[in-house]
Amino acid sequence: MTKTKDLINLKGINYSVNNKFFFKDLSANISTNGITMILGPNGSGKSLLTKIIKGLIKPHNGQLSIRLNGKIPNTGYLSQNITFLRRDVFNNLAYPMEIKGYDKELINKRVIFLLKYFGFLGKEKISARKLSEGNKQYLSFIRTLVNRPNLLILDEPSSNLDMEFTKRIERYLIKEKQNLKVIMVTHDLFQAKRLADEILFMNEGKIIEISKKYNFLQSKNKLVQKFLEGSLF
Amino acid sequence: MGVLSDSLKLIFSFDSDLYEIIWLSLRVSFLALILSTIIGLPIAGILSSKSFYGKKTIIIFFNAMMALPPVFVGLLLYILFSQTGPLGFFNILYTPSIMVVAQVIIILPIIVSVSTELLGQIFDEYNEIFDTFEVDLVSRIKTTVFDARISLITCILTGLGRALSEVGAIIIVGGNIIHYTRVMTTTIALETSKGNLSMAMSLGIVLIVISISINAIVMVMKTISKKYSYD
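Taken in order, these protein sequences are the chains called P and U.
This note's numbering applies: residue 1 is where the first sequence begins, and numbers increase by one.
This note's numbering applies: residue 234 is where the second sequence begins, and numbers increase by one.
Chain P on its own, in the form it takes in the complex (with noise of 0.2 angstroms):
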């Protein structure tokens, strides 16, 4: 039996609400390996993109093929709206091996893990409803850890956090990325300009650019290069 090829393939992407098209053949190869950051304005289409990824939403048409591993990966998704059950951080972080059916002694040996890994450990009793806005992102970031994932599929994880959260957040993702496919939304360039291995650049629901960081860097593509400059739209 012959390996399934690794891909992440995106092929003819269409999607509209209402007769406005957001996507309309959207095509696009995403690397299997490292930390692909998507950058582009406001209204682009990046977080629709994670959706469709993730499989929150439907295209009207295309296809979609991910396999990492030979396998449909275990994918972990942030979203950008954050939502909480209302439970306490460790019961939050148990919820998804809970609905899995991974046994109590489990559960218990992950989420310490992952409380004490990320310095949150101590505040399990808390109402992860009640954390700060900034608490509340990077516990929904630790949430997406929970079930080991293979891809994860960030939405600007560290919109709302210090610079102590978000290099912790950095530092992991750096660190697993070995195991760990990434695709991460971000509006920080610099960030960008850290992780990325590759990089996918979006404006008006089109992929403008979608290459390794070293290359996007020197792209001769205009709204590639003006974004860089920081230069409005």
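Each hint should be verified, as a subset may be incorrect.
[Stated by the list, open to error] Quick list of in silico lysine-lysine cross-link-like pairs, DSS-like style, CA-CA up to 30 angstroms: (1) U:K460 to U:K375; (2) U:K460 to P:K104; (3) P:K130 to U:K283; (4) P:K58 to P:K104; (5) U:K242 to P:K123; (6) U:K375 to P:K104; (7) P:K71 to P:K130; (8) P:K54 to U:K375; (9) U:K242 to P:K130; (10) U:K459 to P:K123.
[To be verified] Here are the in silico distance ranges between beta carbons for each label pair: (11) U:G353 to P:Y117: 36 to 42 angstroms; (12) U:K288 to P:E229: 50 to 56 angstroms; (13) U:L370 to P:R148: 21 to 27 angstroms; (14) P:Q178 to U:I279: 41 to 47 angstroms; (15) P:I112 to U:K375: 21 to 27 angstroms.
[To be verified] To give an idea of the interface, some chain P residues facing chain U are shown, with a C-beta separation under 10 angstroms as derived from the structure: (16) G34; (17) N81; (18) L85; (19) R87; (20) P96; (21) E98; (22) E124; (23) V146.
Derived by calculation from the structure, the hints in this document are not laboratory data.
By construction, the Cβ of each residue, glycine as well, lies at the ideal position given by its N, Cα and C atoms.
Go by the hints and put chain U onto chain P.
Below, chain U alone, put in the same frame as chain P:
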């Protein structure tokens, strides 16, 4: 004042007839409440969590049923379960069983409608968590019901209050038979018409005490839930 003191005497003398009536009332109402909850919560869970054809019609139906006059429920059940009726073979007319059925029909719409609204709000909020972690429908309903448990208990207790104070339906289907189907509300109606005001008043006092107790429990639960709320 004479009526009041006589009725208090009746209560504190632990009159066996009086307590038999109170006990039957509580039994019928609690059983109806348990059945309505067992039937109503899954219906509310599905209505609040799933989109399907006819869902709005079902919600409108249950909302409309909340305003159904109990006397009419009694009349319908009487027609259905009388000897010549299509369900007459059950032979439960003028028994406590049909009183439970009548109360279920009266309480169920309250439990379904209020719970659907309550669970719907939480479900909408949790939807992205459920989609993200690929939670199946049964687990979605379980999670939502669990997280809404305190508010749901409040809603269920409202149903109990409605059941205990109901008179129109059970007097028709129960027949107000002494030592068998006579409950607090039907006894109050009967004893008042007979002029036995102390018996009627004592049951009225018991009803008020129960009603105040239910409301106090609701209030305490709301306070506790606020204090220990994860919201």
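Each hint tested on the structure:
no., hint, verdict
1, U:K460 to U:K375, "23 angstroms, holds"
2, U:K460 to P:K104, "27 angstroms, holds"
3, P:K130 to U:K283, "29 angstroms, holds"
4, P:K58 to P:K104, "34 angstroms, violated"
5, U:K242 to P:K123, "57 angstroms, violated"
6, U:K375 to P:K104, "18 angstroms, holds"
7, P:K71 to P:K130, "38 angstroms, violated"
8, P:K54 to U:K375, "24 angstroms, holds"
9, U:K242 to P:K130, "53 angstroms, violated"
10, U:K459 to P:K123, "20 angstroms, holds"
11, U:G353 to P:Y117: 36 to 42 angstroms, "37 angstroms, holds"
12, U:K288 to P:E229: 50 to 56 angstroms, "53 angstroms, holds"
13, U:L370 to P:R148: 21 to 27 angstroms, "25 angstroms, holds"
14, P:Q178 to U:I279: 41 to 47 angstroms, "45 angstroms, holds"
15, P:I112 to U:K375: 21 to 27 angstroms, "25 angstroms, holds"
16, G34, "23 angstroms, violated"
17, N81, "6 angstroms, holds"
18, L85, "6 angstroms, holds"
19, R87, "5 angstroms, holds"
20, P96, "5 angstroms, holds"
21, E98, "9 angstroms, holds"
22, E124, "13 angstroms, violated"
23, V146, "9 angstroms, holds"
This entry does not satisfy hints 4, 5, 7, 9, 16 and 22, going by the numbered hints stated previously.
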